[in-house]
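Engineer: Residue numbers (the numbering used here), protein chains in the order written: chain A, 2 to 246; chain B, 2 to 246.
In short, the hints are calculated from the structure, not lab data. Since the structure is predicted, the reported quantities are computational estimates derived from the model, not experimental observations. Possibly wrong hints are sitting among the right ones.
Claimed, not checked - Here are the simulated DSSO-like cross-link-like pairs (lysine-lysine), alpha carbons at most 27 Å apart as the crow flies:
| hint | chain 1 | residue 1 | chain 2 | residue 2 |
| --- | --- | --- | --- | --- |
| 1 | A | Lys182 | A | Lys172 |
| 2 | A | Lys245 | B | Lys245 |
| 3 | A | Lys245 | B | Lys228 |
| 4 | B | Lys172 | B | Lys7 |
| 5 | A | Lys228 | A | Lys172 |
| 6 | B | Lys214 | B | Lys172 |
| 7 | B | Lys7 | A | Lys7 |
| 8 | B | Lys245 | A | Lys228 |
| 9 | A | Lys228 | A | Lys214 |
| 10 | B | Lys214 | B | Lys17 |
| 11 | A | Lys182 | A | Lys7 |
| 12 | A | Lys228 | A | Lys245 |
| 13 | A | Lys182 | B | Lys17 |
| 14 | B | Lys17 | B | Lys172 |
| 15 | A | Lys17 | B | Lys182 |
| 16 | A | Lys172 | A | Lys17 |
Protein chains: 2
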Amino acid sequence: MNDVIKLLNAHRSIRKFTDEAIDQATVEALVQAGQCAATSSFIQACTVIQVSQGEVRDRLAICAGNQAYVASAPVFLVFCADMKRLKLACDMHDAEMLSGYTEQFITTSLDCALFAQNVVIAAESLGLGCTYIGGIRNQIAEVADLLELPELVYPVFGLCIGHPAQNPEAKPRLPLSVILKQERYNDSEDQARIAEYDQHVREYYATRTGGQKSMTWSEQMSDMLVKESRPHMLPFLQSRGFIKH
Amino acid sequence: MNDVIKLLNAHRSIRKFTDEAIDQATVEALVQAGQCAATSSFIQACTVIQVSQGEVRDRLAICAGNQAYVASAPVFLVFCADMKRLKLACDMHDAEMLSGYTEQFITTSLDCALFAQNVVIAAESLGLGCTYIGGIRNQIAEVADLLELPELVYPVFGLCIGHPAQNPEAKPRLPLSVILKQERYNDSEDQARIAEYDQHVREYYATRTGGQKSMTWSEQMSDMLVKESRPHMLPFLQSRGFIKH
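Could you build the full structure based on these sequences and the hints that come with them?
Structural biologist: Shown next as structure tokens:
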């Protein structure tokens, strides 16, 4: 295993940061590393909004479900899927862009994820820690207003970056035999493998919380998935010109 | 700039591979590196199907728009967004999963992208080359049939991996000033910056093709975006239990 693969394997989300600042040249180097990720048909559909500490950041932290580290992280970036820049490219040639396709929602959203994952890896290679903030989708309309996002742009997720002030263990992942399948989808043995994995997760939480938390993966998922999942997302996205057909 | 950031910056898609095989232990190490990426609320929603060379792979290459390297790449992986495993977790606790939310489509799709980008970086760190194959969504229903994907699972993209038999230049990206914005979305200067960037792209293509291809970024985008974009995607996804509301 080389150093890069070791770095990837060592990933864990960091939610506590020291006060040490990150200079802007570093932020720019991270975002440039993000730009180098693959982009679907060269659309380059990811726009990054860097939000400094202050009132807007505090509001974003509230929108994300009162996650204090969103307000306090040295760097906070919002990754936006951006079809508006593509419309601008069309306008430059008097071409009428056809928009609203679900496929475009997919490619622009995936562009953001590939881009952001490069940013995370670049940050971690510098000893920084990160955590993705999907919670900004809790109150996505307010987030879009705070960032003055126009139609054809939506905020996919945020990212906190800073110097780690904690050192959590990496969370155990599902067994490879469940994740990697050969030739076709076949989950006939998955339940038994998940049951075994569940016990590893239970031990992980018990160790990490000194016995306070006892929870398996399948329990955690089943607790979560009996509830609605941000039902405002589709109407919001459609109001911004995405997933119309 | 450290070695990891240099590696990220050196990315380019590789579409020609030598015949040299990749051993299965390496494939497994790459997929395990993928598993270590962040996952939304721990859902671990990415399932990878490895398809060996043969009849199904040949069909996939045709589905992807006759991309020969899909058939011939030493390794071909299909990344699937998987809500079925989450349903299994719910079934294990007699819990009824609420599905069909657009939000779930987003989290499972993003999980796949973060995972896959780790695989790509791990592969590139070993001197391998990759190219994402969004083209499998051209004929996504047939791809789903070929891989025997059940309801609640959809193929997001494929990935070719192999030893590079070409050494293309990295494609120039949009200027950082267009991509990285401060505090709020503001594109008032973007058109001028894109016009300048367009000339770099024109030079890039001219150099790469010995003057055969003369195309700017905004031209390329405007040519593409006046056309429909895989209009079958939404009905397909809905038929598989995604984006119902």
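Engineer: Checking each numbered hint in turn, tell me which of them this model violates, lowest number first.
Structural biologist: none
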